[in-house]
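With these hints in hand, go ahead and build the complete structure from the sequences.
Heads up, the sequence shown is in my numbering, so the first residue is 51 and it goes up one at a time.
Errors might be hidden in some of the hints.
To be verified - In silico DSSO-like pairs for lysine-lysine, Cα to Cα no more than 30 Å straight-line:
#	residue 1	residue 2
1	Lys298	Lys260
2	Lys168	Lys118
3	Lys350	Lys260
4	Lys520	Lys343
5	Lys298	Lys400
Just so you know, these hints were derived from the structure itself, not from any lab.
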Amino acid sequence: MKTLQKLVCFVLVLGLAVMLLPACTDIGEGEETTTATGMQSSESDTGSETTARNSLPPGLDFGGEEVKILYWSDTNNEEFNITEQTGSLIYDAVWRRDLKVQESLNVKFNWNGQPGSKPQLSNFQRYVQNSVASGDNNIEIIAVHSMVMGALAASGLMQDLLDTEYLDFEMPWWPDDLIENSTVRGRLYFASGDISLNTLLGMIGLFFNKEMAQNDLYSYVDAGTWTLDRMLAESENVYIDNNGSQTKDKDDIYAYVTYSGMINPLFVGSGIRFVTKTPDGDIAMSETYASEKTQGLLQKVIYNLYDKNDWIYFPRIDDCTEVFVEGRSLFYMASVRLTINSLIHAENLKYGILPNPKYNEEQQSYHTLMANTYSMYGICISVLETDMQSAVIEAMACEGYYEVTPAVFETALKVRYSNDDNDSRMFDILRETSVMEIGLIFSDQLGMIPSTGLFGRVNNRSSDWISYIKSQEKSLNNYLKILNASFSK
Numbered sequence: 051m052k053t054l055q056k057l058v059c060f061v062l063v064l065g066l067a068v069m070l071l072p073a074c075t076d077i078g079e080g081e082e083t084t085t086a087t088g089m090q091s092s093e094s095d096t097g098s099e100t101t102a103r104n105s106l107p108p109g110l111d112f113g114g115e116e117v118k119i120l121y122w123s124d125t126n127n128e129e130f131n132i133t134e135q136t137g138s139l140i141y142d143a144v145w146r147r148d149l150k151v152q153e154s155l156n157v158k159f160n161w162n163g164q165p166g167s168k169p170q171l172s173n174f175q176r177y178v179q180n181s182v183a184s185g186d187n188n189i190e191i192i193a194v195h196s197m198v199m200g201a202l203a204a205s206g207l208m209q210d211l212l213d214t215e216y217l218d219f220e221m222p223w224w225p226d227d228l229i230e231n232s233t234v235r236g237r238l239y240f241a242s243g244d245i246s247l248n249t250l251l252g253m254i255g256l257f258f259n260k261e262m263a264q265n266d267l268y269s270y271v272d273a274g275t276w277t278l279d280r281m282l283a284e285s286e287n288v289y290i291d292n293n294g295s296q297t298k299d300k301d302d303i304y305a306y307v308t309y310s311g312m313i314n315p316l317f318v319g320s321g322i323r324f325v326t327k328t329p330d331g332d333i334a335m336s337e338t339y340a341s342e343k344t345q346g347l348l349q350k351v352i353y354n355l356y357d358k359n360d361w362i363y364f365p366r367i368d369d370c371t372e373v374f375v376e377g378r379s380l381f382y383m384a385s386v387r388l389t390i391n392s393l394i395h396a397e398n399l400k401y402g403i404l405p406n407p408k409y410n411e412e413q414q415s416y417h418t419l420m421a422n423t424y425s426m427y428g429i430c431i432s433v434l435e436t437d438m439q440s441a442v443i444e445a446m447a448c449e450g451y452y453e454v455t456p457a458v459f460e461t462a463l464k465v466r467y468s469n470d471d472n473d474s475r476m477f478d479i480l481r482e483t484s485v486m487e488i489g490l491i492f493s494d495q496l497g498m499i500p501s502t503g504l505f506g507r508v509n510n511r512s513s514d515w516i517s518y519i520k521s522q523e524k525s526l527n528n529y530l531k532i533l534n535a536s537f538s539k
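Here it is in structure tokens:
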């Protein structure tokens, strides 16, 4: 059913983009704006636009009520409280979305920004706890870093979204992977997808320097033969000691540059999942995580990073970005926000993007891990009546699907920041194969083992994965028991 809905919605979006229907571009009575294609929209009635293309009841009206939204102010890319149009294709689309939702549902957003990135987890959680304990009712909707939201949910600070009136998780703006894997013991406390700009920008792919590539890498992806071994074959003999120092440093030329944050995506791309769902709905350690497959993959990664010259492991992301942007690396794994944050300024770099390589050709599909720095949305436990808040979240996700996603993918990433049609196809593959790893969302509650286990072995040049995971198994199972209990009804 959901596949059919996605197909229908895709056709609708295509039709809207081609015909430039005013319902998709008008931002208010008699107001005109510049659409993502640079053409002006015409006047139209926006009163029921949002509810006309989702499952919300037509004419839903909350009488001008204020919606209090607590958001993280230290996002990677701005996505909240955008007060005016600036000419940015992406941020203007977010502005239009928020305005449409407020006008359609007759509500007013009251934004409250607080630092909520991963280093601010404790402070943000304390802020919410204090509000709930005081009964000040100053928090209704919460939008925050995925791992911070995991902590809020595990602490009993969030509502079960499945019990709300208007959230419809069968709609295409809610990703299957997240909803299916984040529903624990019949409860779902958070959601993301087209509602979050940072989710759209957080897909992790493999960028490559087209002038350094010796073969048609796109053809491997299309044939299903883009594997880790193929990537290693393309990496052979690329290294050049550029400065004659006789040691690997950031002035040299490499096949692949990486850092700690990109170790997990390589393993997820090979079909490794950190945790999984049991038949009774609990979270458990995945068999693929504690497997000989992971052991062998770790050995291969460490060997190529440390014992050969073509790959290098830098301590800082900035070092990796600098080497790639300056044209000294064939491959660089990064989230697609690299295009608008860094590559837009790299005038002499001709780059492309690929999905992360598969483990082998027998693996059925590519897997694209989402960077942790995306926004999760939920409703605070202190909200007694959730109809308005659930309607707002559903409408924001819907309008994100129709307004923001086309601006990001169709106009920005796939046209403005990409080099040719092949890259557009690759962006589609990344989006279609996106994975939101719940083991990372709840990593703090699981002793940081999912988030740091693998890159900790790489940092220490230790390829003995089986011994490590066995030493952590008792602790991890205890963490999982506590986490599952926090979701009990």
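Against which earlier hints does the structure fall short, listed by number upward? none
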